[in-house]
Amino acid sequence: MKDVISLGVLGGILTSMIRLATPFLYAAIGETFAQTSGVVNLGVDGIMLLSAYGAFYVALNTGNLWLALLTAAAIGLLMGLLMSFISVTLKAEQGISGIGLYMFGLGMSSLLFKITIGTVKTIDGFQPVRIPLLGDIPGIGPILFDHSLPVYGAFLLVPIAWWVLDKTTLGLKIKSVGQNPAAADSLGINVDRIRYFSVCLGAVLAGLAGASLSTALVDLFQDNLTAGQGFIAVALVYFGGWNPWGVMGGAFLFSIVNSIQLWMQVIGVKIPSDVAVMLPYLLTIAALMITVNRVRQPAALNKPFERGES
Amino acid sequence: MKPKIQDIKSQRIQHVEMRDIVKRFPGVLANSKVSFDVRAGEIHALLGENGAGKSTLMRQLYGLYQPDEGEIVIDGKPYVFRSPADAIRAGIGMIHQHFMLVPTLTVTQNVALGLRSSREPLLDLDKVTRRIQGLSEAYGLKVDPHAFVWQLSVGEQQRVEIMKALYRGASLIILDEPTAVLTPQEVKDLFATLRRMVQEGHSLVFISHKLHEVMDISDRVTVLRDGKVIGTRPTHKVTRGELVKMMVGRELKEPEPRSLKPGPAALKIEGLKTVGDRGTEALHGIYLEIHSGEILGLAGVSGNGQRELAECLAGMRKATAGRIAIGESDITTFTLNQRIDSGMAYIPEERMRDGAIREFSVEENIYLHDHSFAPYTHGIFLDFSQMASHAIDLVNEYALKTPSLDTPLKNLSGGNIQKLIMARELSRHPKALIAAQPTRGVDIGATEYIHQRLLAQREAGTAILLISEDLDEIRTLSDRIAIIYEGRIVGVVQRGQATIEQIGLMMAGVSMKEAMHG
Amino acid sequence: MKNKSLLIFGLLLIALLVNACGTPAAAPAAQKQIKIAVIMPSATNDMAFSQSMWSALQSVQKDMGGESALQIAYTDNLFNVPDAAAAIRDYASKGFDIVIAHGSQYGSSVQDIAPDFPNTTFAWGTDVNTFGMKNVYAYTAAAEQGGYVNGVLAAKLTKSKIIGVTGPVEVGDAKTYIDGFVQGVASVDPTIKVNKTWTGSFSDVALMTAAAKTHIQAGADILTGSSQSVVGSIGAAKDAGNVLWFGTQADQASLAPNLVVASQVYDWTAMLKDMIAKRQAGTLGGTVYTLTLSNGGLKIAYNPGYNLPADVKAAGDAAIKGIQDGSITVNP
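One line per chain: the protein sequences are A, B and C, in this order. The opening residue of the first sequence carries number 14 in the numbering used here; numbering runs sequentially from there. The opening residue of the second sequence carries number 103 in the numbering used here; numbering runs sequentially from there. The opening residue of the third sequence carries number 57 in the numbering used here; numbering runs sequentially from there.
Source of the hints: derived by calculation from the structure; they are not laboratory data. Among the clues, some could well be false.
Simulated pairs of lysine to aspartate or glutamate, EDC-like, Cα-Cα distance not exceeding 16 Å [what the hints assert, rightly or not]:
1. C/K252 - A/E106
2. C/K215 - C/D277
3. C/K231 - A/D149
4. A/K283 - C/D277
5. A/K180 - B/E571
6. A/K180 - B/E222
Fair warning: this is a prediction, and the values are worked out from it, not measured in the lab.
Produce the entire structure from the sequences given, and follow the hints as far as they go.
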C-alpha cells in the first residue's frame, strides 16, 4: 500500500484533474460571459455535443485537427446566434429556450452520427506537446507542461477572460448590461448587441469545449458524449461567482475530487462505489453553500431588456 | 492643458426646439402637437400632473423614443435621435427619475461606461478619475470617484448622474423629477448646483409636479396637460394659483366634511403592542376607538409606529399584546382572509409591494382577493364574464385611466394604481378601512378624487383610520385627530380644536396637556 | 408573446422530432411476416450492449430471407424509462408480434404493459423474471462465464501483475462479468491485483477515460470493463500504447486492432430464432433464456490482429471447455 501516498499517485491525480477540467473550463468561461451580460444559456451541453460531433467528423475525414476546431467554433457560433435571437431579440424565457437548444444538439448530434459515421471510430487527436524547459522541471514539469494544445488553451483562457472582463471597455459594457441594462442603454450602449456578442462568444467556447473532448481528450465521438458536462459547467459559473478565477477554482475542485475518488477506488479504499461517484457533486454543493456570493450575481440575469420599462 | 470652462461656454448649445411633436402609444396619445424650447443659461420647468406627457416628451429629446411627428431643431439644424448615443453626441444629457447607475461598479466605472477610452480596448480609469475630480471642483459636485455606487446615498447617486452628463460634455441637461427622492437639505444643495450650471452656460429642463420648486428654481415654465401644451410663461410673471389652474384645468375643491353624527364604535384597538423590523418594540400599547361614519386621522412624524400599526391591523404583522375588534368580534388572531371577511379593508402605504401585482392586468388586480368567492365562481370554476363586467363597472365608477382591462398594472400611473386599489377595497363595503398614506406620490387631480372617495365612504358609515404625514390632508378630512409619538398615542383632539402648531408640538413628543395649555 | 411561445414550441418540436428520427418507418406488412420491435437504452452502434441485440436481429433477418419475412423496428437511446414504456406500448398496439425491451431497467414497464396485450410476445433482459406471465420471456447472459475466460487469458498475459477494471454501475451483467473476470484471474494467480473503478454513468466517456488512465498510472498493463462508455478506456489503452484490452458484450477489436486480445460476444441469434419458432408453434412466452458458452449464446472472439501466444490460447480454450462441461463453475 506504499503507493497510496507516493509522488506518482499525486502526479496521477493532478494530470487527471487537468484533463477532466479542460472541457469544463471552456464551457464555463464561455457561460460566464453570457451570464455576466444577463443571459443564462442552458443549451451549453447541446452546443458541446453538436460541436464535438462536427469536429470529430471533420477530423475523421480530413485529418486536419485545426479545421476540426474551426468547425466546432462555427457550429458554436451558429447555435449561439440562434440562442441570442430567441432570448435577446424575441425576449423569450431563457431557461426554456436553453433546454430546447440542448435537446436540439443532443438529438441532432445523435442523428448525424448515426447517418454519417455509424459506429464508434477513433482518430489520432491532438498529441501532447511538452513545453521546453518547463516540461523538464522534475516532478511538476511532466504533470503541468505535457498536454495537448487544447488543454493549454483552456488554461490560458482564464486570465484572458478575467482581463477582458476587468480591464477593457468591452468588459465594463458586458457587466453593465448584465447589472442594469437600462443604465447601459441610457449611455448609448447597444444592450442587444453586447448580449448577442456575449452569448455567441460563450457558445463558441462551448463549441471548443465539445471539440476538446472529441479531438483531444477521448479522440472519438459517441452518442451523448458529454454526459451532461455542459450542465455542470453552468453550475460552475454560479459556483465561481461570475469570476473566471472562481470558475477555474470550481472546475478544479470538481475535477480533482473526481480524480481522487477514482484513485480511491483503484487502490481499494473501502467505500461503496455509489458514494465515491457522488463525492464531486456533494463537495461542490457543500463548497457552494459556504462560499455563495449573491452580491456578484448579475442583477438582470434571466431578464430580457425592453426599453422604457424601468 | 485642461480647457477652462469659460472657453467651452461659447460652444454650448444656444437653443433647442421641439416642434409639433406627436407621440402615440397603444391606446394613448402621449404628446399631441407639443412645441417646447430651451435656451442656453435658463432653467425651463416642465410642469404637469402624472401622465401629462412630460417624461415622454423629454425621452424623445434624449433619443429613448422617436417622435411619430414633429422635429427637433438644435441651433437651427434639424436632428434625428435614434438612440441616446445620438442625443449624447449632440450634447444632451438626462438625469432619470430612477437612477441609471450600475450599483456593483464604482463611480469612475459608471462615468466611464460606454465612453471611448484613450487606450482602447483597455480602460483608462485613472484619467477618468482625474477629470471627475476636476469637474467636481468646477461645479461644486462632491463625489468620491472610488466609491461603489451601492455605498452611496440617494443624493450622492444623483450627483453621480449629473457628473455623468457633465463628463459627456452635455450642454442641455434634462432632470426628470430630480427632487422626488431627496431630503430638503439635499434639494437645497441640488438647486445650488443647478444655478451654478446655468451660470456656466448650460441649459436645463426641470420636470416636476411640485409647484413651489418650479417657482423657486425656474426661469420659464411650460405646463402640459393630457399630452398638450397649456401654456409657457416666464416664472416671475405667473402665480401659483394660475399654474394650478393650468395643470388641473379647474379650481381645486376644498373638501369639507359635513357633520354627521358618528355611529357606534366600529374599530376598537386596546393595548396593542407589536415588534418592529429590527426586533425592538414599535408599539407600546395603543388605545383607539373609531366610530362608524368617522374619519380618525393619525398624525405623526414618519417612523413613530404608523406603519407597524397599519400592518398590525391589516394582519400583516403579529400583535404581541392587546386586542383588535371590529364591532363585537375580536379579530386579533385572524388571518388576512378572515379579517377581510370580517369587514376590514386596507390601502397599504407600499402600494406596489403590498397592494397590487405589477405584472398582472388591471382586471386581475381588481379581483385579486375576491376571485375565490361568489359571485365570481361556479363551484371550483372562475366566472370570467362576471369578473369582467364587475371590473368594467369599477373602472368606470372610479374613472381609472387605462387603455384596457388587460393592460399590465405597471403601465399605469401612480394615481391610477391607487384608484384601482381603492376601488377594489371599497367595493367590498368594508366596516373599517385603514388608509395608509393614500395620496403619497399621487398627483393633485387624483389626490382630490381620493379625498372625495374617502369622504363618501365616511358618509356610507365606514370607520376610517387615515394615516398620513401630510398634516393638511389630516386636518381637512378628519373628524378627530390622534397624534402618535414613539409608538404611543400622545393625544386625540376634535376637528378644529387644535391649531397646526399645537399638533406639531404633540408630534414632537410634547404631552397634550402642555401642548394645548402650556 | 404568442408568436414567441409558438416559435419555442416549434423548436422543441423539431428537437423532439430529431430525437425520434432513430425510428425508421415500418415497411408495409406482407403475409405471414413476423414483426419484431426493439427498444434499447443506448445507440444501435454503441459497440456494446445495444449493438449486440441489433446485430443479432440483422443476422436473423438475413437468415430468414430479409425484410419480407422479418420486419424490424427499433427505438434506441431510450435511457429514460417512461419514454421507453410509451414506446413499448406503442409497438404492442401497432401489432408487432414480438416486442423486445432490451434493458434491465424496463422490467416494471413490461410487467405493466404485457397483460394488456395477451397476443403479443414480450421479451426483456437482462433479467430472469417473467412475472409469471405467459407472454413474457426474460433473457440474460451468463456474462461471468466469458468474464472468467477473459480473466484466465489476462492473468497469463500480465507482466505487472496489476489489472484494471472500469465499469459503469455495479449492477446487472456489468457486475457479473467483472465477478467472473476476477475469479478467472485468481484461478491462474491469486497474487495478481485486480483494481476496480465504477464511474456511476453508462455514457460518461471522459470520466471513463480518466478512470482508465488512473489504472494505467497505478501500473495496470491490462484493462477490461463494460458499458458503451468503455470506448474511453480503450482510447486510454491506445494512448498508452502497450496496455491490452479485453472486451465484452460485442466484438471490440475494431477499436484498437493491436491491443484487443479477445472479446466476449453476446449472440442473441439462437435465442431470437427459438422465440420466433415457439411463437409460430403457439407458445408466446413464459420461460427464461440464458446465454452461456455451452448453448452458443456466448462466444469468445479472439482478435486475429493480436498475436496471442499458443499456450495462452490453449489455457483460454481449456477454460471454455471446462465451463461447457461443468468441470469449472463460475459464480455470478
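Going through the hints against the structure:
Simply put, C/K252 and A/E106 have alpha-carbon atoms about 45 Å apart, too far for the 16 Å limit, and the pair is violated. Between C/K215 and C/D277 the alpha-carbon distance is near 7 Å, which keeps this suggested pair within the 16 Å criterion. Using a Cα cut-off of 16 Å, the hinted pair C/K231 and A/D149 is violated, with the two alpha carbons roughly 42 Å apart. Restraint check: the Cα-Cα separation between A/K283 and C/D277 comes to about 23 Å, which exceeds 16 Å; the hinted pair is violated.
At most 16 Å may separate the alpha-carbon atoms for a hinted pair to count; A/K180 and B/E571 exceed this at roughly 48 Å. The hinted pair formed by A/K180 and B/E222 meets the criterion: a straight-line CA distance of about 10 Å does not exceed 16 Å.
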